[in-house]
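Engineer: Knowing the structure of chain A, use the given hints to seat chains B, C and D on it.
Those protein sequences? They're chains A, B, C and D, same order as listed. Take 381 as the starting number for the first sequence in this note's numbering and just add one per residue. Take 381 as the starting number for the second sequence in this note's numbering and just add one per residue. Take 381 as the starting number for the third sequence in this note's numbering and just add one per residue. Take 381 as the starting number for the fourth sequence in this note's numbering and just add one per residue.
Everything labelled a hint here was simulated from the structure, so no lab data went into it. Mixed in with the good hints there might be a few duds.
It does not matter which identical chain is meant; a pair holds if it fits inside one copy or across any two.
What the hints assert, rightly or not - Derived BS3-like pairs: lysine-lysine, alpha-carbon spacing no greater than 30 Å straight-line:
1. K606 / K403
2. K449 / K419
3. K656 / K526
4. K593 / K432
5. K419 / K606
6. K449 / K537
7. K537 / K403
8. K449 / K656
9. K521 / K537
10. K656 / K419
11. K537 / K656
12. K620 / K432
13. K521 / K419
14. K449 / K620
15. K593 / K403
16. K432 / K449
17. K419 / K432
18. K593 / K449
19. K620 / K537
20. K593 / K656
21. K526 / K403
There are 4 protein chains.
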Amino acid sequence: MAHIAFIGLGQMGTPMATNLLHKGHHLRVYDINPTASEKLNALGAYVATSPKDAVLGCEFIITMLPNGKLVNDVIFGNNGAIESINRNSIVIDMSTIHPLESDDIRNRLRSENIEFMDVPVGRTSDHAISGTLLILAGGTKEQIEKASPILLCMGNKIVNTGGPGNGIRVKLINNFMSIALNALSAEATVLCESLNLPLEKALEVMEGTPANKGHFTTTWPNKVLKGDLTPSFMIDLAHKDLSLALDVANQLNVPLFMGAASREIYSQARATGRGKQDWTAILEHLRNCSGLKDD
Amino acid sequence: MAHIAFIGLGQMGTPMATNLLHKGHHLRVYDINPTASEKLNALGAYVATSPKDAVLGCEFIITMLPNGKLVNDVIFGNNGAIESINRNSIVIDMSTIHPLESDDIRNRLRSENIEFMDVPVGRTSDHAISGTLLILAGGTKEQIEKASPILLCMGNKIVNTGGPGNGIRVKLINNFMSIALNALSAEATVLCESLNLPLEKALEVMEGTPANKGHFTTTWPNKVLKGDLTPSFMIDLAHKDLSLALDVANQLNVPLFMGAASREIYSQARATGRGKQDWTAILEHLRNCSGLKDD
Amino acid sequence: MAHIAFIGLGQMGTPMATNLLHKGHHLRVYDINPTASEKLNALGAYVATSPKDAVLGCEFIITMLPNGKLVNDVIFGNNGAIESINRNSIVIDMSTIHPLESDDIRNRLRSENIEFMDVPVGRTSDHAISGTLLILAGGTKEQIEKASPILLCMGNKIVNTGGPGNGIRVKLINNFMSIALNALSAEATVLCESLNLPLEKALEVMEGTPANKGHFTTTWPNKVLKGDLTPSFMIDLAHKDLSLALDVANQLNVPLFMGAASREIYSQARATGRGKQDWTAILEHLRNCSGLKDD
Amino acid sequence: MAHIAFIGLGQMGTPMATNLLHKGHHLRVYDINPTASEKLNALGAYVATSPKDAVLGCEFIITMLPNGKLVNDVIFGNNGAIESINRNSIVIDMSTIHPLESDDIRNRLRSENIEFMDVPVGRTSDHAISGTLLILAGGTKEQIEKASPILLCMGNKIVNTGGPGNGIRVKLINNFMSIALNALSAEATVLCESLNLPLEKALEVMEGTPANKGHFTTTWPNKVLKGDLTPSFMIDLAHKDLSLALDVANQLNVPLFMGAASREIYSQARATGRGKQDWTAILEHLRNCSGLKDD
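Pulled out of the complex, with its shape left as it was, chain A reads as follows (with noise of 0.2 Å):
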């Protein structure tokens, strides 16, 4: 059994380090709040007094905090945890934080001799409760079988994003497009629902079609992604689509801002000349306006 520092006792960490305690494992607790350590206490964790006080003698520092400003001090401010860590810990960030803050704190502690991964969790408070958290690891091969045994007990699936700095990459990544996308739902729906389309009836066809099963591995794999822009459906006849829809919500008072955005985008397309190119090429566009590469 391993001991474990765990600091941050939010609504996710509280039930994270509970399921660590369950699994047998020792634990030193840290929380600015000093309710939040009356359960974990209670289960038989140490409650620490300071950052400082919560790493003594632990393998694994455990940070679960809502941002990059509060990981940053919990390691280096006063009292902080690099007063007194052992310098063959690790330290395993799972909040979700600024990538840039996150790879701050990596190259500090490295500097330092001590390690460090980021491994932000998917999925939900009831995932964290049942243990099933989806884990997001960014670290090196073996900082992550050293770590899994650890993991595994607070969630139920590890996925090795591929190195150091793309668990938090990934996450920020995931969450951009499926909270966007949930935005972007709303729209089509109230478009449905104002037209008196029942939305099952528009599921029923969307199940089969990029609309509802995604572009990246759709429409993309064969185009966009391996360079090929020669057309299955062009831009112009995309826009052309698009402007139709967007004039029936505007008739109907149903305002699309993230829809009149992205007609905006495909003129831009067109207006840069590639009209004429499959609607995958919208990708390359975007890297052009992103200075990602030239045209």
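Structural biologist: What follows is chains B, C and D alone, placed relative to chain A:
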């Protein structure tokens, strides 16, 4: 074998008419561009001099045209179909046009005791050639039964969209969603690439989450679609994660127009009191903003 | 006194026609809604039965209609003006319609040797009543001279917009700018109010800055409009200040859809290498994105 | 002559401090970059080794730094100003920082009985050199009186923004409006140019309309600002004209991201029942969407 008028011989219409001929039907074809008819003439089609001429003696009149104005013109304009159409025939409009224009045409034909179906198609021109289009049939059950043998010459799957007008509506919603989603997916991807994260790594995770699986069949059915807005994942947290992604993008000069618009939608939802509701409540929020229902 | 056909007797057309009558001109009026003509009939106007009837013997044909399709119909449709118009008359379209539709009408009339002017109006229906509209005259110098006595019965200022087609173009640009600016001003104001800052205090400062004076005549003339992009205020700094405002707004749940879109425009400008240029270089950036010119 | 600490010697800070020296004040300067102080040292400033050292014996402490975190650090961090500051001195923060961070600093200083003013500046680095900055003074009447002789060494106009915290708030709003307006003006201009209309012609008209004069002092004072929403120009009509412009832009491939967002705002206003109100009611609409007030 049926007698069919086919009006509109473009990139989609020509292969569709060809497949009808191959299956042995008698075709009278018309297009404003006279050369478009030549190939079909060689295959045995009668080349009509006007829509009025095309529909003579036909049971089915199929239109496949770029917009609703043209559909209207070939039916009701000078030398239009209406001047010689059989009263027991069905007009099947397979174009992608404005749903309210489609409704107008149906109503106007109904007043002349002529039947009308809106039957746009899904998939690409390659599928038109191979006769494997997706047929989105809008009409009564009887109409769809009667037209099915004809429609199955052009496609390999018919979806009964649930009533007259629903075919064109489903097409509109599906295309809106898939075309806008294409651009949103590109935004997520350029952010991914700007963070030096390989897209495949992100996809490994997104494959199992709403980011790629969509929300319609994952997060929504047990929440907003049955009126339960208690949070699995709060709008406040979704807003926080989205803001984090936008901050990162902004720092890396990755313009995310759709992502930015989506964040303002979440802000608006919070401003109107939905911060502690489930993120699927964005749908309820947009319903309120669209005048579909009151708070 | 002139013989004038006036077609379109809505909220604007009725008072405009009334003023022409008051100045002693002979009017033949037409509207699809027959009751619209009654008031003018009482004032001495002849009520025509069709556009064809209205234009009989007239030197000037004025149209004031909701959209280009209707303007087209009253001129070229059944019983349209074209059927009995004098070849030496001028058609003056005072409607706000699509510029390219306006061009089409001009070209079509020109091929019939009939003159056409696009002369939309500015200001409100109150000004239509008092005869103080702003007249945006599109046409040749000769046409404007010839029409001025008529136009000045309806407005008190004529702007020669520089040529045929420019009248309707100026109207479009002016309305785009003022209507969108209205919404942007509202965004700034709700942010102001959310910060508990009285708008009057903000106005005291903004009165002397581009925030209220605009950019066209302040920051642009010595910079981007003469091709000088050396920075007085760098795009990078504008982007930073704008991001600060959006962060504040976001924290206060003030949705700023236009502000958010503008930030992404600045991000895109930075991504394409303009960060160290003057902020007025945003115009150059948008020119590139619109295909107006290459980098 | 006053004893002044000046912390932050960047592109703005250096000329501002230089002007204070030229007027005969005694300066103690500090910057994390040691070379930044050299020029001021040559002009007679004492170069401090820390903020703590800089404030020794000073009546005024001026900070001119890139962000609120740095302002906080130089005051409250290690070797910060707070460690040796005179209790009767005033801290004058002239940076552009987050208003809520500025409030925090004021409150924290107040609890130590130290006065604080937020006094950001307007105009450019050229004005900093010539001592003609616009001074946006946030503070009590007494504070502004006391600080004015110092401030007028750096600028030629002081605006009393009406109270503590208002200086930084006015700056934020002014910059939001002017920076976003710059991008909106560019959108209008590329649409203008795409229509082959010279900008000067459009400006001739816009000079006299809200398009260039803004709304704050033209259309708003007699309408929404005094609660009168009876229409001079209806939201429905503004929406129509805006849609016309967007259609034209779309046809010409001119992407108008801000214009597109503004149209959706008008759609939303119509959807929530404001179609027949005056266009200035957009402000009321956004107030509702921001949670500032209920319908």
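Engineer: Confirm or reject each hint.
Structural biologist: These are the hints, each one checked on the structure:
Taking the shortest Cα distances, K606 and K403 never come within 30 Å of each other, neither inside one copy (46 Å) nor across copies (37 Å). In this assembly of identical chains, K449 and K419 lie within 30 Å of each other by CA distance solely inside one copy; the values are 26 Å within and 36 Å between copies. Taking the closest pair of Cα atoms, K656 and K526 never come within 30 Å of each other, the shortest separation being 52 Å inside a single copy and 38 Å across copies. In this assembly of identical chains, the alpha carbons of K593 and K432 never lie at most 30 Å apart, being 48 Å within a copy and 43 Å across copies at closest.
In the homo-oligomer, the alpha carbons of K419 and K606 never lie at most 30 Å apart, since the shortest distance is 54 Å inside one protomer and 35 Å across protomers. In this assembly of identical chains, K449 and K537 lie within 30 Å of each other by CA distance solely inside one copy; the values are 28 Å within and 39 Å between copies. In this assembly of identical chains, the alpha carbons of K537 and K403 lie at most 30 Å apart only when taken from the same copy (17 Å versus 53 Å across copies). Only between protomers do K449 and K656 lie at most 30 Å apart by alpha-carbon distance; the minimum there is 24 Å, versus 47 Å within a single protomer.
Taking CA atoms no more than 30 Å apart as the test, K521 paired with K537 passes inside one copy only; the shortest distance there is 16 Å, against 48 Å between copies. Taking the shortest Cα distances, K656 and K419 sit within 30 Å of each other only across copies (25 Å), while inside one copy they are farther apart (63 Å). For the homomeric pair K537 and K656, the shortest alpha-carbon distance between copies (28 Å) is at most 30 Å, but the shortest distance inside one copy (43 Å) is not. Taking the closest pair of Cα atoms, K620 and K432 come within 30 Å of each other only across two copies (29 Å); inside a single copy the shortest separation is 61 Å, beyond that limit.
In the homo-oligomer, the alpha carbons of K521 and K419 never lie at most 30 Å apart, since the shortest distance is 35 Å inside one protomer and 53 Å across protomers. Taking CA atoms no more than 30 Å apart as the test, K449 paired with K620 passes between copies only; the shortest distance there is 15 Å, against 46 Å inside one copy. With identical chains, the CA atoms of K593 and K403 are never at most 30 Å apart, being 39 Å at best within one copy and 33 Å at best between copies. For the homomeric pair K432 and K449, the shortest alpha-carbon distances inside one copy (17 Å) and between copies (25 Å) are both at most 30 Å.
In this assembly of identical chains, the alpha carbons of K419 and K432 lie at most 30 Å apart only when taken from the same copy (21 Å versus 44 Å across copies). For the identical chains of this complex, K593 and K449 are neighbours neither inside a copy (37 Å) nor across copies (33 Å), given an alpha-carbon limit of 30 Å. Taking the shortest Cα distances, K620 and K537 sit within 30 Å of each other only across copies (25 Å), while inside one copy they are farther apart (43 Å). Within a single copy, K593 and K656 get their C-alpha atoms as close as 25 Å, and across copies as close as 29 Å, so both meet the 30 Å cut-off.
Taking identical chains as interchangeable, the C-alpha atoms of K526 and K403 lie at most 30 Å apart only when both belong to the same chain, with a minimum of 17 Å there against 66 Å between chains.
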